[in-house]
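Spelled out, the chains give:
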Amino acid sequence: MARVGIPRGLLTYQYLPMWKTFLEALGAEVVISPPTTRQTLAEGVRRMVAETCLPVKVFCGHAVALAGQCDYLFIPSIKSVEPRVYNCSKFLGLPDMVRAVVPEAPPILEADIDVNQGRRALYRAIYSLARPLTWNPWRVREATRLAMEAHRRYVQGMVREKKTPLQALGFSPPEEEAPHRLMVAIVGHPYIVHDDFITHRLLPRLKGLGVRVLVPEMALEEEMARAMAKLDGKAYWTYEAEVVGAGAYYLDQEEVDGAIGVAAFGCGPDSLMVDLVKRYARERKRPFLALSLDEHSGEAGLLTRLEAFLDMIERKKRKCE
Amino acid sequence: MRVSFPHLGHLWVPVRALFTELGVDHVVPPLNTRRTLTLATKNSPEGLCLPFKLTLGNFIEACELGADTLVQAGGAGICRLGRYGRTQEYVLRDMGFQFQILTAGVSEKKLQGIMQLFKKISGGAPWGRIVSAVRFGLAKLNALDEIEKEVHRVRAREKVKGQASALFREATKAVDETGDYDSLKRRKQDYLEKLRAVPQDGEDPLLVGVMGEFYVVLEPFSNNDVEIELGKLGVEVRRDLFISEWTRFSLFLNPLGINEKRHLQQAAMPYLKRDVGGDGWESVGEKVLHARHFDGLVHLAPFTCMPEIIAQNILPSVKEDIPVLTLLCDEQTGKQGMLTRLEAFVDLLKRRRASRRQKVGVH
Chain A
1 MARVGIPRGL
11 LTYQYLPMWK
21 TFLEALGAEV
31 VISPPTTRQT
41 LAEGVRRMVA
51 ETCLPVKVFC
61 GHAVALAGQC
71 DYLFIPSIKS
81 VEPRVYNCSK
91 FLGLPDMVRA
101 VVPEAPPILE
111 ADIDVNQGRR
121 ALYRAIYSLA
131 RPLTWNPWRV
141 REATRLAMEA
151 HRRYVQGMVR
161 EKKTPLQALG
171 FSPPEEEAPH
181 RLMVAIVGHP
191 YIVHDDFITH
201 RLLPRLKGLG
211 VRVLVPEMAL
221 EEEMARAMAK
231 LDGKAYWTYE
241 AEVVGAGAYY
251 LDQEEVDGAI
261 GVAAFGCGPD
271 SLMVDLVKRY
281 ARERKRPFLA
291 LSLDEHSGEA
301 GLLTRLEAFL
311 DMIERKKRKC
321 E
Chain B
322 MRVSFPHLGH
332 LWVPVRALFT
342 ELGVDHVVPP
352 LNTRRTLTLA
362 TKNSPEGLCL
372 PFKLTLGNFI
382 EACELGADTL
392 VQAGGAGICR
402 LGRYGRTQEY
412 VLRDMGFQFQ
422 ILTAGVSEKK
432 LQGIMQLFKK
442 ISGGAPWGRI
452 VSAVRFGLAK
462 LNALDEIEKE
472 VHRVRAREKV
482 KGQASALFRE
492 ATKAVDETGD
502 YDSLKRRKQD
512 YLEKLRAVPQ
522 DGEDPLLVGV
532 MGEFYVVLEP
542 FSNNDVEIEL
552 GKLGVEVRRD
562 LFISEWTRFS
572 LFLNPLGINE
582 KRHLQQAAMP
592 YLKRDVGGDG
602 WESVGEKVLH
612 ARHFDGLVHL
622 APFTCMPEII
632 AQNILPSVKE
642 DIPVLTLLCD
652 EQTGKQGMLT
662 RLEAFVDLLK
672 RRRASRRQKV
682 GVH
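In order, the protein sequences belong to chains A and B.
The numbering used here applies: residue 1 is where the first sequence begins, and numbers increase by one.
The numbering used here applies: residue 322 is where the second sequence begins, and numbers increase by one.
Every clue listed holds true.
Each computed BS3-like pair below joins lysine-lysine, with the alpha-carbon atoms no more than 27 Å apart: (1) B:K440 / A:K234; (2) B:K671 / B:K553; (3) B:K671 / B:K656; (4) A:K285 / A:K317; (5) B:K431 / A:K234; (6) A:K278 / B:K363; (7) B:K594 / B:K431; (8) A:K234 / B:K441; (9) A:K285 / A:K230; (10) A:K319 / A:K207; (11) A:K207 / A:K317; (12) B:K480 / B:K515; (13) B:K363 / A:K285; (14) B:K671 / B:K470; (15) B:K494 / B:K553; (16) B:K594 / A:K20; (17) B:K470 / B:K482; (18) B:K582 / B:K470.
Don't read these hints as lab results, they were simulated from the structure.
Chain A extracted, bound-state conformation (with noise of 0.2 Å):
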């Protein structure tokens, strides 16, 4: 039986449920890296060029910690999910990156996957994806519905159950009713806001200190989409509805009392979308808090102005009151 890994970073937080399902259905074992360590980041720190956003150093130190472990890496080039709106170029690039950077490493399965390609590009793209583990395309056809099929309960089971990725995953207890003091809601990527090590421990941190935190999935994708539109037109990014589009959804529900958004230092859309939503909070007189993460980030200062962003929503409310 073939050993699949698959790095835990970046858009794994999205479609692990997905990719499992359908490596699993052709047969393979899937194998997913730990959660990040100092280990991990120092990793792809060493490994990459500086100015590489911390997401990808993440991600290629995952990729580092599987390479002896398994005889494929999974890492597919996706382009595009909707019709003309396309990704940062880092997703398109990381199966050349990681070879390029991890020499070490076992062979990518990796395919174009890019809508406007047509539907034969898309089947042929997810078939060459399976040809390592298949060459029988009535199996890949099954496991794409399967995994299709996982995708679309994962994703609806988080809106359904307000449970965050981690906890959707199984990888984190599920929530507890606590009486909270605060809601506040976290927008920016998932591979961002559900790596602890990145964030120090924000979402736990954040819950220790009373808040209650919605985070962009447990919105409605269409919900999402409609603030978006609002707020700015049509998407120009593949996963701008869960920055944008979230922080301006959040930001007009009344019982929401703040947002903070996270975002990795030199993300070349965040530095786009992060600033739009912090005009819309500035302009509806919502308090928003930009928070800008890298690999030298330290803690304390992190904590310093989450309590006095939390304290200054307090004061607000308590002011309205």
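Go by the hints and put chain B onto chain A.
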């Protein structure tokens, strides 16, 4: 309606010619200076790339001169460039300017989109007039690029440094002032001859390719005049990117299925298998392709440029052996720092060439 547009090298000359031919009221923003950059950096969202900031600065200075229609490149699926227009609109509105922004699609519609844009700007001028105006603009562009290629050659060899650059400045002005094909041709010949007549020494200079991201390669202010500085160090600069080449291919020949970059992309294939937007793919290809006949490569990229970061990560794994100096361009880049690195790089190339010659001599 007063139209304005951002700077990109000497692109302003042909664009001015085109607008004048069409009878469009327009204003050329002041050439890029420290002021342009400072104004833009102050008002732009942080974390954006240098091309965004400089073109924003051009728009600010154009608006100060009364421009009310701004033309910016756009399109889907390239890089942040597709989003420049919308973001610059927010920023300029916040600054209190009254204007409209028009985007020219560079990624999909190309020729058709650009022609329609000219139709709109000219208030519906007949197609014949638009076509002849575009032709004249292109003629100026080609003339300037032809002169610039000669300038690259002379700069490395001239006995008194700075003559070629001075002549090029003059030539730009002269080409800008011509109003018909005849005098354009005459002036081009004139300056080509003047350049050839510059006293030169017969040494065989180092050959360095300049490659990387389109904007920072073509806009000298953004790269701290790296080509002039290389010329001062006695290095001949070669580059594949010229605006005239770009327009010729992307507007006229690419739609016919002729892809001038195919050889670059093919060369990059073993290392980078797909287009990653911007010029990342081509940057990798240039290293592979030019390893044999160039002494070195200067790779220019704006700080945080997504496609070029991919290229930077991949370039060291390219087996073809040629030294590459990557220079990142942003508002923090100091010229002295760049000069030191250039000098060190040129020294390295000289030694490398000498040792190679020696090896050949032994055999």
